[in-house]
Amino acid sequence: MTSRNISPGLWFILPTMLLLATLIIYPMLSTVELSLTDSSGAFAGMRNFNVAISAPSTRLILFNTAYYVIGSVVFQLLLGILAGILLNQQFAGRSVVRSLMLIPWVVPGIVAAMTWAWMFHTDYGIINYMLMQLGIISEPVGWLTDPDTVMPALIAVNAWKMFPFVAVMVLAGLQSVPDELYEAVRVDGASFWHEIWHIMLPQLQPVLVSVTLLLTIWALDGITIIYSITGGGPANRSMIFPIQIYVQAFEYFEFNRAAAMAVLYFLFIAVIIVLYMRMFAAQDKD
Amino acid sequence: MQDRRRTLVISLPVALLVLVAVFPFLWMAVSAFKPLAQLYTIPPRWLPDPPTLVNFKTVLFESNIPRYFVNSLIISIGSTSLALIFAIFAAYGFARFDFRGRSAALAFVLIGQLLPTATVIVPLYIVLNYLGLINTYLGLILVYLILTLPLSVWMLTGYFRGIPKELEDAAIIDGASHLGVLFRISLPLVSPGIIAVALYSFVATWNEFVFALSFATEKEMKTLPIGLAEFSTEFDTDWGAVMAASFVMTLPIALIFLVMQRMFVSGLMSGATKG
Numbered sequence: 004m005t006s007r008n009i010s011p012g013l014w015f016i017l018p019t020m021l022l023l024a025t026l027i028i029y030p031m032l033s034t035v036e037l038s039l040t041d042s043s044g045a046f047a048g049m050r051n052f053n054v055a056i057s058a059p060s061t062r063l064i065l066f067n068t069a070y071y072v073i074g075s076v077v078f079q080l081l082l083g084i085l086a087g088i089l090l091n092q093q094f095a096g097r098s099v100v101r102s103l104m105l106i107p108w109v110v111p112g113i114v115a116a117m118t119w120a121w122m123f124h125t126d127y128g129i130i131n132y133m134l135m136q137l138g139i140i141s142e143p144v145g146w147l148t149d150p151d152t153v154m155p156a157l158i159a160v161n162a163w164k165m166f167p168f169v170a171v172m173v174l175a176g177l178q179s180v181p182d183e184l185y186e187a188v189r190v191d192g193a194s195f196w197h198e199i200w201h202i203m204l205p206q207l208q209p210v211l212v213s214v215t216l217l218l219t220i221w222a223l224d225g226i227t228i229i230y231s232i233t234g235g236g237p238a239n240r241s242m243i244f245p246i247q248i249y250v251q252a253f254e255y256f257e258f259n260r261a262a263a264m265a266v267l268y269f270l271f272i273a274v275i276i277v278l279y280m281r282m283f284a285a286q287d288k289d
Numbered sequence: 030m031q032d033r034r035r036t037l038v039i040s041l042p043v044a045l046l047v048l049v050a051v052f053p054f055l056w057m058a059v060s061a062f063k064p065l066a067q068l069y070t071i072p073p074r075w076l077p078d079p080p081t082l083v084n085f086k087t088v089l090f091e092s093n094i095p096r097y098f099v100n101s102l103i104i105s106i107g108s109t110s111l112a113l114i115f116a117i118f119a120a121y122g123f124a125r126f127d128f129r130g131r132s133a134a135l136a137f138v139l140i141g142q143l144l145p146t147a148t149v150i151v152p153l154y155i156v157l158n159y160l161g162l163i164n165t166y167l168g169l170i171l172v173y174l175i176l177t178l179p180l181s182v183w184m185l186t187g188y189f190r191g192i193p194k195e196l197e198d199a200a201i202i203d204g205a206s207h208l209g210v211l212f213r214i215s216l217p218l219v220s221p222g223i224i225a226v227a228l229y230s231f232v233a234t235w236n237e238f239v240f241a242l243s244f245a246t247e248k249e250m251k252t253l254p255i256g257l258a259e260f261s262t263e264f265d266t267d268w269g270a271v272m273a274a275s276f277v278m279t280l281p282i283a284l285i286f287l288v289m290q291r292m293f294v295s296g297l298m299s300g301a302t303k304g
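The listed protein sequences derive, respectively, from chains A and B. Per the numbering used here, residue 4 is the first one in the first sequence, and the count goes up by one each step. Per the numbering used here, residue 30 is the first one in the second sequence, and the count goes up by one each step.
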């Protein structure tokens, strides 16, 4: 800067930054304060954290959260990459298929949750019916009530909901791959799999890394689907960390304990956000 | 020849992909038009015979869904407009000026966009409660700025950057002020961007679940997503009504999508969605 005057740009962004600070920074500082005090406002040291961490359900909830996040991200990536590569090929009706593929992402999360809950219905659900017709299962499965199937079922819903996002990003990434790269290996008679493995995936790598980080943050944020379908049940088998924060705060009114959990949750997410922003900054420079 | 064979090889996975993507949506629509007896049958009926509007009648005349629909509309439009007003200035500032702290401020906006809602619900509840804004439209409109404002600033900054700077420079030389340039030259040029951002914010707030669940607990103030979830937590779930309500909730979004598919996809790619 040549002068010491305040840039007009600052005046333009000031109202928004003040508003965001009030809506985000203040609550976050307040969360930290709450986490360190008791319900009367007296300093409580690490007591809330200790109680939150040593609760008997904590291990299960952490396991569920990891299970849900990893399962969701893996299947979102797999499905999304497959769909993206497929939609990058030439075939009749491609643009219609591209639009139809976006439906899961366009449908509101709560609607997706309700629809899948109906499809997973033990007695009258279409999924049990189809699987029985195909001979894959011999009797109805209680997908959402059986402790062993509830997580896989919820992961399926989340994978379905978000795979179009991956597909669109992959598609955009593939369209920027120069044709010469394909031509070079086709001259050598390379197979389609060879093209995928040695050209597409390496070219997509930066896109896939940032997509993975985003998907991880969103899966960690995944209250809507789980809370509306199972509420964390049966017997906490689908309870994940962010829902537990909500439950502690608004069902048990343990605000201080919920705040301590929110601090831990934020610290974990902050690591991923920092990684993502670094990727973002690196890509911006190119 | 080669092409025809390729088309054949590709059509099976494409058909499978379309089936996976579309089937749940179709099943919702089909179920919404089925009478009770046809919903609870084994084997299931593929199509309603004959289709009935009885579920829609339940939803529209015997439930709170119409009220929730209006609540959602008021809150979504309120928060979208408010965010837009702030974001136009901020995005213009980010796009056109270079100043100390600019990239830090932009990074903060991005963090705001990525931040999971569960991290801030507890203190927000306390603040809203203190201000008497729990169970008010204003409360949710303000809280939803956490979703809409970062998203609007982020997307609009991109649109403003797309305008050639020369156009503005010419006006500045002619003696126009920064504000004058913004309103007379830049803003009209980014109007397609404004529409896209507005639609995107609308969708984000229309679908929002966690804040609504925490801050709108009275029957009169609940929004559609909560109303929908309530339907199924009751002991005896009326699945026909749930599917009909889902259908009603999806309609505005589907319309926006049909008309503005291009913009929707660009919004999706800017990473602006939150489930």
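Don't take each hint at face value.
What the hints assert, rightly or not - Output of the computed footprint for chain A on chain B, the stretches with three or more beta carbons under 8 Å from beta carbons of chain A: (1) 60-69; (2) 91-102; (3) 136-150; (4) 159-165; (5) 193-204; (6) 212-224; (7) 278-284.
Said to hold, decoys possible - Label pairs and their computed distance ranges (CB to CB): (8) B:Tyr159 to A:Ala273: 26 to 36 Å; (9) B:Pro64 to A:Pro209: 49 to 59 Å; (10) A:Trp196 to B:Pro95: 46 to 56 Å; (11) B:Ala66 to A:Ala273: 49 to 59 Å.
No wet-lab data here; the hints were simulated from the structure. Quick reminder that beta carbons are idealized off the backbone N, C-alpha and C, glycines included.
Results for each hint:
1. Note: the segment 60-69 of chain B has 3 residues with beta-carbon separation from chain A under 8 Å; the three-residue rule is met and the coverage holds.
2. With 0 residues carrying a beta carbon less than 8 Å from a beta carbon of chain A, the segment 91-102 of chain B misses the three-residue requirement, and the given coverage is violated.
3. Requiring three or more residues with a Cβ within less than 8 Å of a Cβ of chain A, the coverage given for the segment 136-150 of chain B holds, as 14 such residues are present.
4. Three residues within the 8 Å Cβ limit are the bar, and the segment 159-165 of chain B against chain A gives 0, so the coverage statement is violated.
5. Given a C-beta distance limit of less than 8 Å, the hint that chain A covers the segment 193-204 of chain B is violated, as 0 residues qualify and 3 are needed.
6. Three residues within the 8 Å Cβ limit are the bar, and the segment 212-224 of chain B against chain A gives 0, so the coverage statement is violated.
7. Three residues within the 8 Å Cβ limit are the bar, and the segment 278-284 of chain B against chain A gives 4, so the coverage statement holds.
8. Tyr159 (chain B) and Ala273 (chain A) have their C-beta atoms about 27 Å apart, which keeps the hinted 26 to 36 Å range intact.
9. A beta carbon spacing of about 53 Å between Pro64 (chain B) and Pro209 (chain A) agrees with the range 49 to 59 Å that was offered as a hint.
10. The beta-carbon spacing between Trp196 (chain A) and Pro95 (chain B), approximately 54 Å, falls within the hinted interval of 46 to 56 Å.
11. Hint check: Ala66 (chain B) to Ala273 (chain A), Cβ distance near 53 Å, so the stated range 49 to 59 Å holds.
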